[in-house]
Amino acid sequence: MSFDRLRYELRLLGKSVWLTPLLVVAGLALLLAIANRGVTATTMARSMGASLEMLLPMAAGIVVATIATHDRAIELQLTMPRRYHRTANARLLFIVLWSAAVALLTSILLLAFGHWRLPMQIASWSQPWQFLTWQLTWLSSTLWLVAFGLVLSLLVRSRSASGALIGVFSFFQIVFHGTFDTIALLHPVYLFPLTFAPGVDYWLANRFELLGTAIALLVLAWFLLRRPELLLSQAAGEE
Amino acid sequence: MNIWKILWGVLRYEFLMQIRRPALWLAFLIFALLDSRGLIGQIDFYKSVSSIHFSTLQWAAFLAVMANWLVPLGVGILIADRLPRDRRTRVEEVLNSLPGALKTRVLGKYLGTLLASLVPSFSLYMVNIVIATWQLNDPGIIPAALLCYVLIILPGMCFIAAFSLALPVVMWVPLYQFLFFGYWFWGNILAPGYGLPTLSGTILTPIGSAIAAGLFGIPTYGGQGPSSVMYGTSSLVALLGIAALVLVALYQFLKFEQARQ
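These protein sequence lines map, in sequence, to chains A and B.
Counting along the first sequence from 1, when you hit position 66 you're at 66 in this note's numbering, and nothing is skipped either side.
Counting along the second sequence from 1, when you hit position 225 you're at 225 in this note's numbering, and nothing is skipped either side.
Source of the hints: derived by calculation from the structure; they are not laboratory data.
All residues carry an ideal CB built from backbone N, CA and C; glycine is no exception.
This list has only true hints and no planted wrong ones.
Covered by chain A, according to a simulated footprint, are these stretches of chain B (three or more residues, beta-carbon under 8 Å):
(1) 19–26
(2) 29–35
(3) 67–76
(4) 162–175
(5) 182–191
The shape of chain A in the complex, shown without the other chains (with noise of 0.2 Å):
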């Protein structure tokens, strides 16, 4: 890809896309520092755990849902001989390495501040294994959550309803997340376990699996996002 072609994509991306991780993480950094009502060691590192485990994510995958398959000019693009599903796995790779380098840059002053959660099942490691470990936390829930945008906005056709089913699918996890704890058959898709249950003897095995879902998904991306007639058809009502 040409850097003039990469500067146009991110240009055509737009500010909402590359400033959403940032509010994310520093809105609920400002929040639990000026709000501080009695937010202990513990809380601020569970929750800022969670803003890299459980926001950052699924903003990651409302925003794919939204954009990757949705250009105004399709139609035009459709035409040409650079097959649209190369532009869509661009603009994918580019705002998962966005959500990276934010979840990266966030959990480097985590851990310089001290307000570091850790898994039980990593905590006797030594660095560097234990931080570059501890990265799988945000990755799997990112790169699954993307994943699944992604399909689901090509499979539903409706932006809305992708990133309502991905809102809803999230908060199910967070709500009932002692249900996906218990069950050994939902473990493959307990994309929050840091948050809820850090002493868990699965995470590891976790956020594997979740890495070959999340493959597993981009795989059916690949193939979907080579039927033009997916791409161009909209739902009713959801143009």
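Fit chain B to the supplied structure of chain A, relying on the hints for placement.
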């Protein structure tokens, strides 16, 4: 043209446009699966707690709050894209050139989209009520549930629908969607004792916990504070009043934008 005819026309078309969205029905079908699963577990749990003895009306109020934990998210998000869609499809300019007053259009759009979104929401609620009636073996829950729908669920729906229609005019829709999820958890479900300041437990809880606690005396999400009739009534009035204020603010903003063009 008669203002009521314009209102009826806008309301009718907005209602039809919203209710014919396959995405609306698909989203609520998936909500139904999640919601019913959560509800069955909660009823079993509360039945097993020996210290809790609910009357029929209290069970209905409890079920209304339980049914309301997820559904307003769908209603809010599927209303959020209605005004931006008018801009995207360039219908707004056409509508602005028509004689219908702006305030009638805003009100018609609000009522039409809200009523249409409430149709699958109410259907899902009734499915939950039938499940609960069977689980609790108490047919009296059905009429009580209808009363609770009006008193507990509708004010919150009016509140979130007003914000969902208005805020995306000044905010990117996906950002609004995300913030709405965050708000719903923070302001309705997060326990007030967690440490973060929250609207949960105050009268400004569209999930209906304050109304249910005040009018029906049941413990609900963050249902803290004085459980008096006044507490419940003030929550109901505040939710409806704020919804009306938001609609007035939306009308004023759109009028200001129109004047600038």
